[in-house]
Amino acid sequence: MRFDVISLFPEMVSHAASYGVTGRAIERGLVGLSVWNPRDYTLDKHRTVDDRPYGGGPGMVMKCQPLLDAVDAAKQHNVLVNRKVICLSPQGRLLSQELLLDASCYDQLILVSGRYEGIDERFIQHACDEEWSLGDYVISGGELAALIVIDAVTRLIPGVLGDDESAKQDSHFDGLLDCPHYTRPEHSDIGDVPDVLLGGNHADIKRWRMKQALGRTWSRRPDMLEKVTLSAEQDALLKEFRTEVV
Numbered sequence: 001m002r003f004d005v006i007s008l009f010p011e012m013v014s015h016a017a018s019y020g021v022t023g024r025a026i027e028r029g030l031v032g033l034s035v036w037n038p039r040d041y042t043l044d045k046h047r048t049v050d051d052r053p054y055g056g057g058p059g060m061v062m063k064c065q066p067l068l069d070a071v072d073a074a075k076q077h078n079v080l081v082n083r084k085v086i087c088l089s090p091q092g093r094l095l096s097q098e099l100l101l102d103a104s105c106y107d108q109l110i111l112v113s114g115r116y117e118g119i120d121e122r123f124i125q126h127a128c129d130e131e132w133s134l135g136d137y138v139i140s141g142g143e144l145a146a147l148i149v150i151d152a153v154t155r156l157i158p159g160v161l162g163d164d165e166s167a168k169q170d171s172h173f174d175g176l177l178d179c180p181h182y183t184r185p186e187h188s189d190i191g192d193v194p195d196v197l198l199g200g201n202h203a204d205i206k207r208w209r210m211k212q213a214l215g216r217t218w219s220r221r222p223d224m225l226e227k228v229t230l231s232a233e234q235d236a237l238l239k240e241f242r243t244e245v246v
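Each residue of the sequence shown is one higher than the last, beginning at 1 in UniProt numbering.
What the hints contain is simulated information worked out from the structure, not anything from laboratory work. As the structure is a prediction and not an experimental result, all values here were calculated from the model. Don't be surprised by glycine CBs; every beta carbon is placed ideally from N, CA and C.
Calculated pairs, DSS-like style, for lysine-lysine (alpha carbon to alpha carbon, straight line, at most 27 Å):
id : residue 1 : residue 2
1  : K63       : K84
2  : K45       : K63
3  : K239      : K227
Restraint ranges, calculated between C-beta atoms of paired labels, are given here:
id : residue 1 : residue 2 : range
4  : D44       : H77       : 18 to 28 Å
5  : K45       : H126      : 23 to 33 Å
6  : S231      : D178      : 10 to 20 Å
7  : G200      : T229      : 30 to 40 Å
8  : S14       : S231      : 38 to 48 Å
Given only the sequences and the hints, what does the whole structure look like? Please build it.
Here it is in structure tokens:
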């Protein structure tokens, strides 16, 4: 998997991506990362990447030409057919685990990080396959969004995590929130580890974890349950949980 980020702040992206899971994946050659600065593709001596918006209004708008040339450079550097160009934008499709799973099947993601008041719409329509958004709020630029996409997709690539099953147990992977987790010590002043996790019965542990995941989703994110079809066992476990908390 290759990630190519179009950003006016390349050091911000490359430095942050060098830590943790993503950094180790880059070191091991499981993913590649390059950052392309639109300023390097400007045609004037001032390296201008923005201009005033037509129609008036506050702020500045990122120009088409430097962005188009930066995306073309990323494509030419990596001759991969199975790719997507994503513009990270508050107007985009909300990021979800399903979307990230689909993205992990591509060979290359080119992530365009906007700044200022926005990006010339002609670039988005001509060069981008999709627009993605972190949520219903606005941040100062797309770099943080790009880093989140890189981290989340990298976790899904086989061999990146110590155990490939780890990603499958994350919140949202199967449409549910994750169950509670505990580690040593067994007893403390602020509480004890549930007995079922200490008994060694793997069937009971699996059942308890599923019930807790269902219960958490029901109590914290009931909207998520509307999007999944529960099995008969899951439905029974959720009813047990609801009975226990009433």
